[in-house]
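Peer 1: Spelled out, the chains give:
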Amino acid sequence: MSTISTQLRNFKEPTKEQLTQLFFSLPPTLVDQAEQDGLEKMEINAIVSLSDDAEEDSYGGKLHLIPPYLSFLSVDHKSVRFTIPLCTIRRVEKLNARAGVYALSLALWHGMKVVVQLTSLRPTADLFCSLLRDALKAELQKGHMKLVKGFSKTCYSETLVAASSGMEENPSTQKLQQEAEQNSEGNETSYHGGLGLKYKFPGDPRRLREASKIKLWTKYLEKHGRNLTLLRYPQCTRLTQVGLPNRLRGEMWEVLSGSIYLRFVHPGEYLRILEENQGRTSTSTEDIEKDLHRSLPEYSAYQSEEGIGALRRVLQAYSFKNPELGYCQAMNILAAALLIYMSEEQAFWLLEVLCDRLLPGYYSPSMHGTLLDQRVFESLVQRCLPMIHDHFQEVDVQLSVASLPWFLSLFINSMPMIFACRIMDCFFCMGPKVLFQVGLAILKINGEKLLEIQDDGGFIHLMRDYFASLNESAYPDSQDPRSRAINRFQELLLISFREFSTITDDTIHAERRKYRSEIIYSIESFSKRAAVRNLKSLERFTKDQGGLIYDALYRAMCIAPPPAPVLPPPSLILGSNDDKPETRIGLKTFRVFLSEVATWARDEKIIVNGFQERVDREVAEHEFIDRLFFFWDTACRGALSFQDLVSGLDGVMFNDLMENIEWFFNLHDKNKDGYLTKDEVLTLSESFLFIFRYEVGDAYLGAISRFMTNAFEYGDTLLPRPEGEAEDSPPPEIGHNQPYLNLATFRMVVLADEILESFFETDLSASFRLEPVQLSDLPAGNVGFLGDLLSNLATDDNKKLFNRFTDQIGKTIGKHQVVHRPAIGRYKTLEEPKARESLLTPSMRRSPSKSTLSESSTITSVPSSVSISTDVSGQSTTSAPAGHETSPMTMVQTANAALMERTPFAIDDAKDEEEEDEDFFGDEDDGVMDEVDAFLEAHDNGLTQVERDVAKDLLNAKPVS
Amino acid sequence: MADSASGATDKSVQVKLVLLGEAAVGKSSIVLRFVSNEFQANKEPTIGAAFLTQKCRLEDRVLRYEIWDTAGQERFHSLAPMYYRNAQAAVVVYDVTKAASLEKAKSWVKELQRQANPNIVIALAGNKVDLVQPSASTSGTTSSESEDEADDATATPEETAGGEQAESLRQVPRDEAEAYAKEAGLLFFETSAKTGEGIVEIFTEIAKKIPIEHILASTRGAGRPGAGGRPGAPDGGVTLDENAAKGKDACNC
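Protein chains in written order, with the UniProt record's numbering: chain R, 1 to 961; chain Y, 1 to 253.
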């Protein structure tokens, strides 16, 4: 049984616009919806200042209006960014400022005012304002503004801020404040939280310095907005890098990853999915059940029904939401970790963002994303740590044996939970590149020992020991107590972000682009091998031939995709798993398949137009092909599996003369009674006509007409006569659908004709040809990833365009010539073509002596498509490399650019942590921040002094009346 | 190489072994039973593959099994080559109460025979026999340290008869699987990770069949210049003490 999927070919590289949306974590469905509603996107240069807080600098950058969101990214791509749903903007005012300065003041729901100075030309700025107005109006009409209030109650940050300051920014905070003033258990229902609230969070809160972190965050959230309106200034990133406080962690993960926007716009969907699918079981739910008790079992909540139940619901809900992905082992670990810090609903949406955007393709049935990123990681190791890479090559150790789980379960399974969570903090804040940076740093730190390992096992052991020691001092022998206090985990993060800051999002994108086709190819050839291996019988074919049949089938499935199997997700991986339906193709796909393997099942036109000579191939349609389809469908399913095709082809490709005659006879004997009716004899003749339709000369036509004459003559003669009648009396009348001609007679008739005899002796079997299919020739190329490999001219459409163009010219100058390539090509009577040939002046021909037609004719009786394949490969090789060459260059450039930007970093900046005392908050806070300061890169706001002054000025400007 | 060896007992031969089979046939349980010295109540979830080691004494030398316990979920199939590459032994597990799992096992065997190390020793293990044994014999259920007792319960389940209900759960007859194993050249066992039945035997039989000298010769200079070569076995061949192999110390060092 084999399941074959062509899904991976549909991958499209994201456009620049999509990348921007991905970067700002915008939910694509909403953005598309807004676009359909006629709301336009726009980006504009801007300088952003925060009004209430003079401490923050102003930053220059790009403001993106992508309804229903407003996003900003500073010039240096890291200091400041935000994504604000338009419905959280309460008021927009145009500011009355110096001449020539165009500025807006945005009042946000949480009370802060953001001043945006649009630095483009006035008409552009005006346009931006009007688009913003339209988008805001649309949001107001939809009533989204009203949703904000209720939603923010679900966020812990509101409670936090309200409790600390008692500020009366809006009514909701006041209410929350009262709840918060009771104790923490009392308000559990108001905001979302994880299992940790009840079962305790991993780690010692004192050692984690929860209290001071909370204090710092509260201060930050007061001034910079929170949940939906969080503005990310450098401090936000720094605070994240020292580890989020446990109680706030869940919400910050949501905010930083952008899954909060999904939860916001899909209220109640999580529960609805659960309700609608209640009691439903699937392969995924079964798999989930097996893993529930193996997901962070050491955490007490997962020893209780409460924790297990939450985990089950989240994983099941996701598998119902995305049945194509379903459930993949490792998602259980992820979900279990998320649920400690966040509610089921929050975890559900974050899982969606993880599977869809942050770890794309990691958990899909083919796991192509996992394989791809392992390949990318290997390539980065080769580039950044060549010695380790070379050593691994030498002793044949595979990086993935250790690194695969790092990526697949975000280190949760590899290192102690408190540390894994801190990596997740950074991951959600700074994106997938973090995984690569940390991975590289792990290898670098263990470099010396890694150079001594000899096998996979040693590698695993070393890594295990290292992860177990993360809590220990990184410099136990240092004189300086502050150095001694730095533990190995801190060292790991420092090295990750200091030494590997050259690894950027762009690097990862470029590397993925570079290796994607390689990975897809290897997945496909793996499933091909498995499919061939899992055939019940290869019949008389060799493994290679089986592979060629698979290729033809695969190609046909790309051109004419069969209807998707109804139940479980399609999969590339093959197996005898009984819940996966075997891939079967319908008639439409079969026609394409057959056109790949049988010369008469395609219409091939050799076209010469004076510029080029090419072969246009089209899929033939004829009743004969349909007949073959049902003939091979021995199980009468109305569809053919890979095995059916192999067995079917086996039934005709290895036949001798007599077997072929019998095969052909049986093919037309519909009721299998051993007799053809008169109708069937006619159909059979039509089949002959179809097969011979492009043969040169009229020898075949003659043969068929002789066949028909003889068939009816013999048939009549051999009909059983009523008793007593003479042999030469006229034959009795029989119906058209009565048994008429048996195999023996048919054989006699066929053997009476030399042409038909040779057809059955060799030509029929030889008309089935298994030839290599060019990968780059696959049709999905013009829409999928191959389209990116081929240069513009080489896309299918363009090729067609080019062909039509040259044809036109050819016709104009009288050099256009079309000849059908014969399927058999045994006879080369050339009278007719010769006449056409005279159209060609000898000088125009590529080969001076022979005409193009006779050239192909002479080859035909052997492999007639030799010229095709060379043709095709010629086209693709010229075009393919173009795409390849560009990417490494850009990658190197970006890497270099990043290297130049790198800021100096001092490990000694981190201060002593041991002498902490929770009572002295002042000192304490400094201590926390020192670790962060190490990360603090002198952030460049990209502004000149003058611009800075203007921005400051604006903060005091009055609105235009 | 073997001849020059000192015969020191701490020298061990490293054997890479991979466990394959459909999800939930009990691969991890088999390993955990075998490696139970390191066993903790909480099973490590299998992501890609879990990696465990266990030393195993065979008369005069120590085998060190490096066990790769692969994830059973179908979509992890394409990762499997990473783990079975260079493996000297494989245990392909199926569930005697699930016919389809034997089919999957067969396809794993096929794959191993074509893609893996040509000298790989493959054992086929039909797990969960405790489910098809008469309830009387399983009444002792399973304290996880009861390997000794369990090892004694080696009688074939069919012959102990009785328990029609239990026997009806069986979907793969022993004969059928055994015949297949013989035809494909595999070691064959019916096991129960729950009771411990047949588990140690798998690893001892594999140890006997593995061309240890060959491994020794091909091991890179990892500071293991051959074990064995004791006076008792001057030809360097592996003589296994059958009794010791069955007993507790067989694989428990």
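Certain hints may be false.
Pairs of lysine to aspartate or glutamate, EDC-like flavour, derived with a Cα cap of 20 angstroms [as the list claims (entries may be wrong)]:
1) R:444 to R:480
2) Y:110 to R:539
3) R:543 to Y:176
4) R:198 to R:356
5) Y:106 to R:582
6) R:952 to R:57
7) R:536 to R:499
8) Y:110 to R:544
9) R:12 to R:356
10) R:142 to R:289
11) R:536 to Y:59
12) R:528 to Y:111
13) R:528 to Y:103
14) R:153 to R:345
15) Y:106 to R:298
16) R:536 to Y:183
17) R:113 to R:679
18) Y:55 to R:455
19) Y:98 to R:544
20) R:536 to Y:103
21) R:536 to Y:213
Derived list of chain Y stretches under chain R, where covered just means 3 residues or more per stretch with a C-beta under 8 angstroms from a C-beta of chain R [claimed, not checked]:
22) 15-29
23) 192-201
The hints are simulated quantities; they were obtained by calculation from the structure and are not laboratory data. Cβ coordinates follow ideal geometry from the N, Cα and C atoms, glycine included.
Peer 1: Compare the structure with each hint and give your call.
Peer 2: Verification of the hints:
Only pairs whose Cα atoms come within 20 angstroms are accepted, and residue 444 of chain R paired with residue 480 of chain R is rejected, the gap being roughly 24 angstroms. Of the supplied pair hints, the one linking residue 110 of chain Y and residue 539 of chain R holds, its CA atoms being roughly 17 angstroms apart against a limit of 20 angstroms. In summary, the hint linking residue 543 of chain R to residue 176 of chain Y is not supported, as the alpha carbons are separated by about 28 angstroms, beyond the 20 angstroms threshold. For the hint pairing residue 198 of chain R with residue 356 of chain R, the CA-to-CA distance comes to about 30 angstroms; that exceeds 20 angstroms, so the pair is violated.
The straight-line distance between the Cα atoms of residue 106 of chain Y and residue 582 of chain R is roughly 18 angstroms, inside the 20 angstroms bound, and the hint therefore holds. Using a Cα cut-off of 20 angstroms, the hinted pair residue 952 of chain R and residue 57 of chain R holds, with the two alpha carbons roughly 9 angstroms apart. A C-alpha spacing of about 54 angstroms is found between residue 536 of chain R and residue 499 of chain R, which places the hinted pair above 20 angstroms, so the restraint is violated. Between residue 110 of chain Y and residue 544 of chain R, the direct Cα distance comes to roughly 17 angstroms. Compliance with the 20 angstroms bound is thereby established for this hinted pair.
A hinted pair counts as satisfied when its Cα atoms are at most 20 angstroms apart, and residue 12 of chain R with residue 356 of chain R qualifies at roughly 14 angstroms. About 41 angstroms separates the Cα atoms of residue 142 of chain R and residue 289 of chain R, which puts this hinted pair outside 20 angstroms; it is violated. Between the alpha carbons of residue 536 of chain R and residue 59 of chain Y the distance comes to roughly 44 angstroms, so the proposed pair goes past 20 angstroms and is violated. With a C-alpha separation of about 13 angstroms, the suggested pair residue 528 of chain R and residue 111 of chain Y falls inside the 20 angstroms cut-off, and the hint holds.
Distance check on the hinted pair: residue 528 of chain R and residue 103 of chain Y sit about 19 angstroms apart at the alpha-carbon level, within 20 angstroms; holds. Taking the CA atoms of residue 153 of chain R and residue 345 of chain R, the gap is about 14 angstroms. The hint holds against a cut of 20 angstroms. Distance restraint check for residue 106 of chain Y and residue 298 of chain R: the Cα-Cα separation of roughly 36 angstroms exceeds the 20 angstroms cut-off, and the hinted pair is therefore not satisfied. Annotation: proposed proximity of residue 536 of chain R to residue 183 of chain Y holds, straight-line Cα distance about 17 angstroms (limit 20 angstroms).
At most 20 angstroms may separate the alpha-carbon atoms for a hinted pair to count; residue 113 of chain R and residue 679 of chain R exceed this at roughly 86 angstroms. With a C-alpha separation of about 17 angstroms, the suggested pair residue 55 of chain Y and residue 455 of chain R falls inside the 20 angstroms cut-off, and the hint holds. Restraint check for residue 98 of chain Y and residue 544 of chain R: not satisfied, since their Cα atoms lie roughly 33 angstroms apart, outside the 20 angstroms limit. Restraint check for residue 536 of chain R and residue 103 of chain Y: the C-alpha separation of about 11 angstroms stays at or below 20 angstroms, so the hint holds.
A distance of roughly 38 angstroms separates the Cα atoms of residue 536 of chain R and residue 213 of chain Y; the hinted pair therefore is violated under the 20 angstroms criterion. Given as covered by chain R, the region 15-29 of chain Y passes the check, having 4 residues with a CB less than 8 angstroms from a CB of that chain where 3 are the minimum. Given a C-beta distance limit of less than 8 angstroms, the hint that chain R covers the region 192-201 of chain Y is violated, as 0 residues qualify and 3 are needed.
In the structure shown, a violation is registered for the earlier hints numbered 1, 3, 4, 7, 10, 11, 15, 17, 19, 21 and 23, in ascending order.
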